[in-house]
Structures are given as C-alpha cells and as structure tokens.
Amino acid sequence: MNNWMSLLKNGNKPALLAAIVNIVIAGLKAVAFFLTGNVAMFAEMMHSIGDAANQLFVYVGSALSRKAPTPKYPNGFGRIVNLVCLGAVLIVAILSYETIVGGIHHILHPTESGGLWINLSVLGIGVVLESFVLFKASKEVLHDAGVEAKGFSSFTKSFAHLKKAKPPTKLVFMEDLVATSGGLIAIISVLLAHFFGWFASEGVASIIIGIMMFYVVGKVFLENARGAIGETDEEMLTHISHLLAEDPDIVDIQRVEVVKEGEFLHVEIIAEVATSNTVDYVLKVKNRLLTTILNQKGIQDAIISLVGDDGVQSWTGSNSSNLIENRAKLPE
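If you read the sequence shown in this note's numbering, its first letter stands for residue 210, the second for the next number, and so on.
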C-alpha cells in the first residue's frame with residue numbers, strides 16, 4: 210500500500226486537479242440539466258463526465274509509468290501513460306458521439322427549455338473553474354518545455370510549446386481548452402434560445418462541442434499510438450548527436466537512438482574512439498559521456514557502447530538526418 214501511495218504522489222498534478230474540478234462541474238451541470246432539460250447543458254455535462262474520467266485515468270497512469278524497472282519488466286513502465294491515454298480517448302469518443310446525436314435530435318425536434326439563470330450560473334461557474342485549470346495546465350506545458358513565463362503570457366506561449374509537453378499534460382491542456390470554449394458556446398446558445406427564440410441553437414452548440422471533443426480524440430490518439438509503439442524524439446536525437454560529435458574523444462558516431470518511453474527518453478549510442486586509447490581511458494570517456502547525457506532534460510536512461518575506429522566516416526557533421534536514414538544499415 211505504501212508503494213502505491215508513493216507512486217500516486219508522483220502522478221501528473223494538473224491531471225488530478227482537472228479531474229477534481231470536472232467532477233464538481235459535472236455534478237453541477239447534471240443538476241442543471243435535470244432541472245431545465247437544456248440540451249447544450251446535457252452536452253456540457255457529458256463533456257465534463259468524460260474529462261473527469263479521463264483525467265483520473267491519466268493521473269493514475271502517469272504515476273504508474275514512473276515505477277522502476279523490475280526483472281520481469283526490465284524496460285520499465287514508461288509507456289503505460291500512452292496506453293492509458295489511448296484508453297481515455299475512447300471514453301471521450303463515445304461521449305462525443307452521444308453529444309452529437311443529441312444535438313442533431315434537438316435541431317430536428319427543437320423544444321424550449323427553461324431555467325435561464327440556472328443554466329447561465331452553472332455554465333459561468335464551469336467556465337471560470339475550467340479557465341483556472343487551463344491556466345495551470347499551460348504553466349505545466351511550459352515547465353515540461355523548459356520555458357519560463359509569467360501571467361497571461363503563460364497561456365499564449367503554451368500553444369507554441371505544446372509539442373514538447375508530456376502526454377498527460379498535453380491531454381489535460383487540450384481537454385480543458387475544449388471545455389472552456391464549449392462552456393462559452395453553450396452560454397451563447399442559451400442566450401440565443403431565450404432572447405431570440407432560436408431553440409435549435411442549443412442543438413447546434415451540442416454538435417460543435419461534440420466535434421471539438423472528436424478533434425481531441427483524434428489528436429491525442431495519434432500521438433499516444435506513436436508513443437506506445439516507440440517514437441523517435443528527433444529534436445533530442447539531433448542534440449545528442451551534436452554533443453557526441455563535439456566531444457574531443459569521439460572519432461565517429463555509428464548509431465544514435467532516442468526513443469520516447471512515456472514521459473521520458475531512452476538513449477542508445479554506438480560511437481567510435483581512437484584505437485590507441487587504453488581500456489581505462491575509454492571507460493572514463495564512457496562515464497563522462499553517460500553523466501552528460503543523463504543530465505539532459507527528460508532522459509531517464511542511456512546505453513553507450515564505445516568501439517574502435519573502423520576508418521569509415523558515418524557522421525556527416527551537418528545534422529542527424531544521415532543517421533536517421535542509415536540506421537537500418539548499421540550493426541545492431
């Protein structure tokens with residue numbers, strides 16, 4: 210039990226915060242929907258339920274992914290977070306479908322719903338709380354990317370660095386961005402229905418919210434599918450390759466692999482050193498390189514093999530593309 214609790218403490222904090230907030234919001238929206246019968250509120254309720262479930266799964270998955278390797282699982286558990294995110298988006302996909310179907314039905318058979326101030330109050334509270342979580346998630350995105358920002362600039366800058374965020378952080382950010390936008394759309398639809406008599410607007414809002422949820426499903430599914438398979442981090446691959454190329458003791462680089470393992474990176478290197486070096490000296494070079502590489506952001510483990518210079522130049526000195534293209538031809 211203590212091991213589980215210590216693991217959960219290391220889970221993704223924005224995901225836990227978002228889950229708690231969405232549970233509260235889902236409860237408020239459920240009450241409002243049953244009191245008013247508002248279809249846009251139903252869409253928002255479904256959205257919040259899906260987000261809460263997702264974010265709880267993601268929080269637990271991000272915690273489990275940090276579990277240390279075992280003899281039975283020597284490669285560790287890093288990709289668990291990708292698998293959890295894949296499962297989470299399936300829930301969102303089902304709720305997205307139900308939301309769109311409900312919206313279409315309301316457009317074909319529009320009905321008037323009451324409780325204007327109940328709907329506006331609940332949706333307003335939801336937008337405020339979701340905005341708070343979104344702001345926290347944007348700061349976590351910048352933290353993952355190693356970028357500093359203060360105030361509202363954290364939110365604007367987070368879009369440019371979203372690709373560098375960890376899978377759980379990215380999922381929370383995208384879900385809360387849709388949730389905040391969806392809340393505003395639902396408010397507009399309620400006002401249109403009440404003041405202009407366009408009751409179908411609530412159905413239109415439901416469809417728009419469902420489509421936005423489907424966008425998150427597609428985006429997150431593709432990214433985590435690549436992560437579950439084992440995707441190369443091209444930016445870090447280039448960075449590590451140049452670190453090796455600039456090292457005075459490295460004569461040539463045969464192979465560099467930088468693979469994403471959930472939230473972390475796994476590095477494998479085969480490099481050449483001068484054949485005149487002693488074994489003791491080569492071991493010191495290896496330990497020095499290992500320390501340097503493990504100090505790079507996001508790298509959890511590295512395997513370095515140093516071999517004697519074979520006289521054939523593999524590294525071009527310009528970028529990592531030559532290595533990427535020729536990795537299949539290199540010895541394993």
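Just so you know, the hints here were simulated from the structure itself, not pulled from any lab data.
Built from N, CA and C at the ideal position, the CB exists for glycine as well.
Treat the hints with care, as some may be off.
[To be verified] Taking CB as the label site, the calculated pair distances span:
1) E357 to T484: 42 to 50 angstroms
2) E357 to Y282: 33 to 41 angstroms
3) A277 to L244: 46 to 54 angstroms
[What the hints assert, rightly or not] Listed next, the in silico DSS-like pairs over lysine-lysine satisfying Cα-Cα at most 30 angstroms (straight line):
4) K348 to K493
5) K348 to K506
6) K345 to K372
7) K222 to K506
8) K495 to K222
9) K276 to K348
10) K493 to K345
11) K222 to K348
12) K281 to K359
13) K495 to K366
14) K276 to K428
15) K359 to K372
16) K222 to K372
17) K366 to K281
Here is how each hint holds up against the structure:
1. E357 to T484: 42 to 50 angstroms: holds (46 angstroms)
2. E357 to Y282: 33 to 41 angstroms: Once the Cβ atoms are compared, 36 angstroms apart, the range 33 to 41 angstroms for Y282 and E357 holds.
3. A277 to L244: 46 to 54 angstroms: About 50 angstroms separates the Cβ atoms of A277 and L244, which means 46 to 54 angstroms holds.
4. K348 to K493: Given pair K348, K493 is violated - Cα atoms ~40 angstroms apart, limit 30 angstroms.
5. K348 to K506: holds (17 angstroms)
6. K345 to K372: Given pair K345, K372 holds - Cα atoms ~17 angstroms apart, limit 30 angstroms.
7. K222 to K506: holds (19 angstroms)
8. K495 to K222: Since the Cα atoms of K495 and K222 sit roughly 36 angstroms apart, the hinted pair is violated (cutoff 30 angstroms).
9. K276 to K348: holds (25 angstroms)
10. K493 to K345: Violated - the C-alpha atoms of K345 and K493 are around 43 angstroms apart, more than 30 angstroms.
11. K222 to K348: holds (12 angstroms)
12. K281 to K359: Given that 30 angstroms is the threshold and the Cα spacing comes to 44 angstroms, the pair is violated.
13. K495 to K366: violated (38 angstroms)
14. K276 to K428: Answer holds: K276 to K428 is near 27 angstroms, not above 30 angstroms.
15. K359 to K372: holds (20 angstroms)
16. K222 to K372: Holds, at about 19 angstroms.
17. K366 to K281: Since the Cα atoms of K366 and K281 sit roughly 42 angstroms apart, the hinted pair is violated (cutoff 30 angstroms).
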